[in-house]
Structures are given as structure tokens and as C-alpha cells.
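Trainee: As they're listed, the protein sequences go chains B and V. Sequential numbering from 1 applies to the first sequence in my numbering. Sequential numbering from 1001 applies to the second sequence in my numbering.
Treat the hints as calculated values from the structure; they're not laboratory data. In this text, a Cβ means the ideal position worked out from N, Cα and C, and glycines have one as well. Fair warning: there could be bad hints in the mix.
Facing chain B, from chain V, some residues (calculated, C-beta under 10 angstroms) [unchecked claim]:
(1) 1079
(2) 1084
(3) 1087
(4) 1088
DSS-like mimics (lysine-lysine), calculated; alpha carbons at most 30 angstroms apart, straight line [claimed, not checked]:
(5) V/1035 to V/1008
(6) V/1074 to B/152
(7) B/17 to V/1098
(8) B/46 to V/1068
(9) B/130 to V/1069
(10) B/152 to V/1068
(11) B/8 to V/1074
(12) B/163 to V/1081
(13) V/1074 to B/158
(14) V/1098 to B/158
(15) B/130 to B/8
(16) V/1081 to V/1098
(17) B/152 to V/1008
(18) V/1100 to B/152
To be clear about the criterion: a stretch of chain B counts as covered by chain V if any three or more of its residues have a C-beta under 8 angstroms from a C-beta of chain V, and this derived list gives those stretches [stated by the list, open to error]:
(19) 24 to 35
(20) 40 to 49
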Amino acid sequence: MKTFDAIKGRRSIRSYKDRKIPREQLEKIMDAAIWSPSASNAQAWKFIVVEGDDDIREIKTFSPGIFGNPAAIIIICRDLKRAYEVCGKLGRDILSLMDISMASQNIMLAGHALGIGSCAVRSFGISAIKRLYDMPEHISPELLITLGYPEKITTPPKRRGIKEVVRWHNRQRSTRE
Amino acid sequence: MSAGIIDKDQLGSSDFFTLLAFLVTSARNCVEEPKLYGTFRLVDGASRLIEILERAGVADEFVLDTRKKIEDNKYSVMSDKDEFIKFLDNLILDFADKLKSERGVKHGR
């Protein structure tokens, strides 16, 4: 799949088929995650790939934002200790969030390229997930990404146009024109 | 969960526990989430409750139809706010109509 097709074709999936994702496919997706850029190459992230039905059910219990029955859920976490060690306060408070966001997009695009749908979910009980997975204080779960084979693909919502959101700036060009 | 019965030793795996966890987690998250998401959680919670009633074998045609309407329309909260509100307005009218239609039955008319 071509990059632009993946970017435009990805949808947020909220209805999945009852079909597991082969481990090698999940490994490919996670490989895409770790190849995303990060500030000062801090790579201050941790990913928990949850595949078991009982484990998925537990996460869903504390996740009002998860719909359908995903085949896997990735818990995207920031490693605040590592982020601070490499990039200081800025890294811990802001850059690490940007980094896991870019990794998350890689995960969703890689999944889409493999025919696997996804949905990014922030509506979950952060404290509950931390407790369920015995996470140390410096590991902060920020996002869940559900994965599975799409049962239903929705039509894309309207995009704000390029004219509305992009400002072109080139002083030389405007002088010539 | 077996139909409508909660085993006290197995509360954690019951539908009611799941619904309660959904409610308390939603309550916490609504502190920061967009205002309309609170509305969304309430109507989604209604759908989840009907699902439990269905599994327990006590859901009638009206509530099953209500659940279908919720499932068909709830995501409009993310794409069309006006459509979402209209859907909720219509849902309330369904309940009012249901109550009215049972007036005669209740009073034996």
C-alpha cells in the first residue's frame, strides 16, 4: 500500500470481526512504532500489547471509549523518567507526548496497510489501567489503540480544507507576484 | 453472568460490575472530556443497560428498538452535533409515546 493511500484510507474502526491477529502481524506493527521519530532520540515510550480475551475484557471494563470487540489493544505509555533524563522538563511534559503521538500514527498506518483496523482511545480509566498492570509511577498510560479486522468501515468525516487551515508563506514569491 | 443473577463470588465478571465500572470511569473522565461526551456516555450507558436486560431475557420490543436506535445514531456525536441532539429529542418522544400508549391499558380502558 502506498503511503498516501494509507493516510487517506485509514478510518477509526469501532466494529471488529471475531478474528485474532497473527503475532507476526502485531510484531510488524510494533516495529513500525519503534521506528517513529522522537525528540533527541529519547524513545521515551513503552507499549503493552494485550491479546488475551480476558485481558481485553478487563481493559474494556474501564474504557468507556472502546467500542466493538477488538482482537488486540496496545497501551501506549510515556516513560517519564527516561524523557526527563534525556530532554529535561520539556521532554517529560511535552515532547514525550508528541513522540508517542507519532508512534501511535505509525501503528495505525502500519495496521491499515496490513488490513487491520484501529481506533485511538483516550477515554479510559488511567488509574485503573496503571493498577491492573502494576505500572511504576514513571510509566504513564496515555492512549489505547484498539486493533482488529474491520467489520464495518465508516465514511470519513468532513475535513477542514487546506485553504482554511494552511497559511502559505514565502516573502520572495509574494514580492514577485 | 447467568440471566439476571449475580453470583457474589463472581461479581467482577458480571455484566453489572462492567456497567458500574463504565459509570464510575465515565464520571471521572467527564471532568476533562468535552461536555457533550457526558451526554454520550449517558445514552451509551442506557444501551449497555438494555443489553443486560436482553441477556437476562427481560427486554421487551420497545427497549430493544431503543437500543438499536442508540447504536445506529450515537456516533453522530462525533460528526454532527445537531443530528445527535435531534436523535436524543426523538428518543425522549419515543418514551413519552410509550407512556401515553400504556395509559389506557393501565386504567383498564
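Trainee: Indicate, hint by hint, whether the structure satisfies it.
Mentor: Here is how each hint holds up against the structure:
1. At its closest, the beta carbon of residue 1079 of chain V sits 5 angstroms from a beta carbon of chain B; the interface hint therefore holds under the 10 angstroms criterion.
2. Look at residue 1084 of chain V: its Cβ only gets to about 13 angstroms from chain B, farther than 10 angstroms, so that hint breaks.
3. A distance limit of 10 angstroms between C-beta atoms decides the matter here; for residue 1087 of chain V the minimum to chain B is near 16 angstroms, and the interface restraint is violated.
4. The beta carbon of residue 1088 of chain V comes no nearer than 18 angstroms to any beta carbon in chain B, farther than 10 angstroms, and the hint placing it at the interface is violated.
5. Between the alpha carbons of residue 1035 of chain V and residue 1008 of chain V the distance comes to roughly 36 angstroms, so the proposed pair goes past 30 angstroms and is violated.
6. At most 30 angstroms may separate the alpha-carbon atoms for a hinted pair to count; residue 1074 of chain V and residue 152 of chain B meet this at roughly 15 angstroms.
7. A hinted pair counts as satisfied when its Cα atoms are at most 30 angstroms apart, and residue 17 of chain B with residue 1098 of chain V does not qualify at roughly 35 angstroms.
8. The suggested pairing of residue 46 of chain B with residue 1068 of chain V is violated, with an alpha-carbon distance near 39 angstroms, which exceeds 30 angstroms.
9. Taken as a hint, the residue 130 of chain B and residue 1069 of chain V pair is broken in the structure, with Cα atoms around 35 angstroms apart against an allowance of 30 angstroms.
10. For the hint pairing residue 152 of chain B with residue 1068 of chain V, the CA-to-CA distance comes to about 16 angstroms; that is within 30 angstroms, so the pair holds.
11. A threshold of 30 angstroms between alpha carbons decides the hint, and for residue 8 of chain B with residue 1074 of chain V the separation of about 24 angstroms falls inside it, so the pair holds.
12. Taking the CA atoms of residue 163 of chain B and residue 1081 of chain V, the gap is about 24 angstroms. The hint holds against a cut of 30 angstroms.
13. For the suggested pair residue 1074 of chain V and residue 158 of chain B, the alpha carbons sit about 18 angstroms apart, so the restraint of at most 30 angstroms is met.
14. Pair hint residue 1098 of chain V plus residue 158 of chain B does not hold up; C-alpha atoms about 36 angstroms apart against a cutoff of 30 angstroms.
15. At most 30 angstroms may separate the alpha-carbon atoms for a hinted pair to count; residue 130 of chain B and residue 8 of chain B exceed this at roughly 34 angstroms.
16. A threshold of 30 angstroms between alpha carbons decides the hint, and for residue 1081 of chain V with residue 1098 of chain V the separation of about 26 angstroms falls inside it, so the pair holds.
17. Only pairs whose Cα atoms come within 30 angstroms are accepted, and residue 152 of chain B paired with residue 1008 of chain V is rejected, the gap being roughly 37 angstroms.
18. A distance of roughly 37 angstroms separates the Cα atoms of residue 1100 of chain V and residue 152 of chain B; the hinted pair therefore is violated under the 30 angstroms criterion.
19. Residues of the region 24 to 35 of chain B lying with their CB closer than 8 angstroms to a CB of chain V number 0, which falls below the three-residue condition for coverage.
20. Coverage of a stretch by a chain is defined here by at least three residues with a beta carbon nearer than 8 angstroms to that chain's beta carbons; for the region 40 to 49 of chain B and chain V the count is 0, and the condition is violated.
Of the numbered hints stated above, those contradicted by the structure are hints 2, 3, 4, 5, 7, 8, 9, 14, 15, 17, 18, 19 and 20, listed in ascending order.
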